[in-house]
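Kindly generate the complete structure, drawing on both the sequences and the hints.
Chains as they are written, first to last, in this note's numbering: chain A, 90 to 216; chain B, 90 to 216; chain C, 90 to 216; chain D, 90 to 216; chain E, 90 to 216; chain F, 90 to 216.
Just so you know, these hints were derived from the structure itself, not from any lab.
Glycine included, every Cβ here is placed at the ideal spot set by N, Cα and C.
Warning: the hint list may mix true and false statements.
[As the list claims (entries may be wrong)] Derived DSSO-like pairs: lysine-lysine, alpha-carbon spacing no greater than 30 Å straight-line:
id, chain 1, residue 1, chain 2, residue 2
1, F, K198, F, K142
2, B, K100, D, K100
3, B, K182, B, K168
4, C, K168, E, K182
5, F, K101, D, K168
[As the list claims (entries may be wrong)] Output of the computed footprint for chain F on chain B, the stretches with three or more beta carbons under 8 Å from beta carbons of chain F:
id, region
6, 145 to 152
7, 156 to 166
[Claimed, not checked] DEER-style ranges, computed between Cβ atoms:
id, chain 1, residue 1, chain 2, residue 2, range
8, D, L195, C, F144, 48 to 54 Å
9, B, D135, F, P145, 32 to 38 Å
10, A, A184, B, D135, 44 to 50 Å
11, D, I186, E, N93, 43 to 49 Å
The residues making up each chain are set out below.
There are 6 protein chains.
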Amino acid sequence: MLYNFLAALDKKVGFEQAEAHCDVPCGIYDPHVAQIDALTVVRMIDLITDLEKNFPQAGAARNNAEIRYTLVKEEHAEKCKREIRVIWGDYIKPAHIEKYPQLHILVHKIMSLGSKARQNVDREAAV
Amino acid sequence: MLYNFLAALDKKVGFEQAEAHCDVPCGIYDPHVAQIDALTVVRMIDLITDLEKNFPQAGAARNNAEIRYTLVKEEHAEKCKREIRVIWGDYIKPAHIEKYPQLHILVHKIMSLGSKARQNVDREAAV
Amino acid sequence: MLYNFLAALDKKVGFEQAEAHCDVPCGIYDPHVAQIDALTVVRMIDLITDLEKNFPQAGAARNNAEIRYTLVKEEHAEKCKREIRVIWGDYIKPAHIEKYPQLHILVHKIMSLGSKARQNVDREAAV
Amino acid sequence: MLYNFLAALDKKVGFEQAEAHCDVPCGIYDPHVAQIDALTVVRMIDLITDLEKNFPQAGAARNNAEIRYTLVKEEHAEKCKREIRVIWGDYIKPAHIEKYPQLHILVHKIMSLGSKARQNVDREAAV
Amino acid sequence: MLYNFLAALDKKVGFEQAEAHCDVPCGIYDPHVAQIDALTVVRMIDLITDLEKNFPQAGAARNNAEIRYTLVKEEHAEKCKREIRVIWGDYIKPAHIEKYPQLHILVHKIMSLGSKARQNVDREAAV
Amino acid sequence: MLYNFLAALDKKVGFEQAEAHCDVPCGIYDPHVAQIDALTVVRMIDLITDLEKNFPQAGAARNNAEIRYTLVKEEHAEKCKREIRVIWGDYIKPAHIEKYPQLHILVHKIMSLGSKARQNVDREAAV
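Given below as structure tokens:
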């Protein structure tokens, strides 16, 4: 749901070509980057789910892969949440909230899904 | 206002002994850390404001100090906002929002103040 | 030229939907992210160039802005170069080089432009 | 012992309200932050010790939790050691050492305990 | 092969005393640092290979060690690749390429070996 | 004095081929890396001192260079202090202290010099 809620946020707010990577503010906010991070989380969950298929033999190689996938899942879930924070905290102004009173609740839900995707290996939370 | 709004958030939500430093969640959320970061931002603003008094002579030593104070202001404003994001995204649950419907607006305001403290050398925004 | 050379790389290699953010490899390589970083560098150069117009008065506020723009320029030039390194080191295989023998020279040129954009406030190098 | 030795350091040196997070120096040194990091290490050790109770079934979910707990343990042990280094290297002056000649040995012991807490899953070392 | 190819690069280009750690450029490029990172990767692979010998009992202590070794292997493989990128992108100029036309191919090979050392627990790739 | 004191530490303790970059411990401790960081700090101080010679015209290009040199000076002074902390906290054991009772005082002095090199543009402190 993380990826899909991000797509919903994208549609609702109607970002101009932009990215959420800094607090300058540089005027560049792009939910696309958060979406790629969410997709990476999904991809890692898929790799973890297929671990025994791709590494039929238990041992160092399989463990190495699982630890690395989890690291990357963590890193991109964190980056995703950071980007959403910048969009929410810097791009979204009180005027947006007046227009879409549900915006705070939507972003808060996205944050919860980001946490859920980190704490679990649950494709439903991430997609 | 950043520091004071953080104190208001602390009082309103009534955190148990806790800190907002990770998304495990470890159950440790402590707005005190975000408050120390906000105080550091205030301290850097004071050092920047007193720069010419402490470095009466223009040149490398004064510039070195100003660049370093700005770096530290940036770093702690970023850490402050990250900690608030963790408190908001992980600690605050829909049940808190039902009880304090203004909570989203308060946290969003804190985020804006964090950005203002970064973009300016403005003690009012930070204290 | 950084941004334009990145666009040239994008066209030449014909990336599938992908991003250069990790070495898992996750199979997601997307030069679009490096391009957004390059655009951010351009944006910072523009803000630095317009500094005296936007902050007519010398002093703490102008210096604060200039230091922060330079920080963000550094950070995104570094991220841009890191993403290019991942694309070059992980996505591009000997088979690509056989097909486009000039690819190493093109990527090396992009790296030089990334450095030039960091070391100067030169819009030509970055665009 | 890490947490308890930190408390001993706190009592012995008699810090004014302060935090060890930067080398500006900003004059803010607070061993409380290092203590919260030490507590987080303890909390992670407890979560790792209870892993099989909380995740009775071996597999991806349990491994995901164990890897994440270890990551957070590492991160906060490192932060704890960094904060102690700043307190030791910047706050503690030759005058403190004259007054408490055992201070170097105490801080060195704290560093060893921080390493031990990282290298093991040993509650005794961390508490 | 990573370590040995780095030694080959060192011999071929004939670096003056230097290190590849920044893009200032500071004029300090030293492939020795990348070599130490490569040696650390080798050391971690050896520790992972000897894991069951050093931790005969399965459980939390062994897992803690394996996760930490993998983390450090990742971190130093990444640092190694970053240092090589700086040497390649900043130190190596078109004049070097004219003199050693195979240089791009050698560095590209080194990058592939760096990735292989991350993705596997394979001493041959790293030494 | 930072660089020279590091050389003194190197001679006194008699490190085997080693580097201070991780807390695994991997058994690789090498004060050479801290020395290269100290040299980089010296190099940045020289570049800052020669700033007006190399950039005769005040303005964006000179400011860009000064901010970047200060950033790199900060970064490498921090890395230098971190490496010293790892050598002190992990490599140096009570047995070393018994043999060289002045070791704590020497390392503490090195830390102070590292801070002095950050807070000033003072070649004497750094060399």
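A quick look at each hint next to the structure:
1. K198/F - K142/F: violated, 33 Å
2. K100/B - K100/D: Since the Cα atoms of K100/B and K100/D sit roughly 28 Å apart, the hinted pair holds (cutoff 30 Å).
3. K182/B - K168/B: holds, 22 Å
4. K168/C - K182/E: Roughly 22 Å between the alpha carbons, so the hint for K168/C and K182/E holds.
5. K101/F - K168/D: holds, 29 Å
6. 145 to 152: Since three or more residues must qualify, the claim that chain F covers the region 145 to 152 of chain B holds, with 3 doing so at under 8 Å.
7. 156 to 166: holds (count 3)
8. L195/D - F144/C: 48 to 54 Å: holds, 49 Å
9. D135/B - P145/F: 32 to 38 Å: Since the Cβ atoms of D135/B and P145/F sit about 34 Å apart, the hinted range of 32 to 38 Å holds.
10. A184/A - D135/B: 44 to 50 Å: violated, 33 Å
11. I186/D - N93/E: 43 to 49 Å: holds, 48 Å
The structure fails hints 1 and 10 (numbered hints given earlier, in ascending order).
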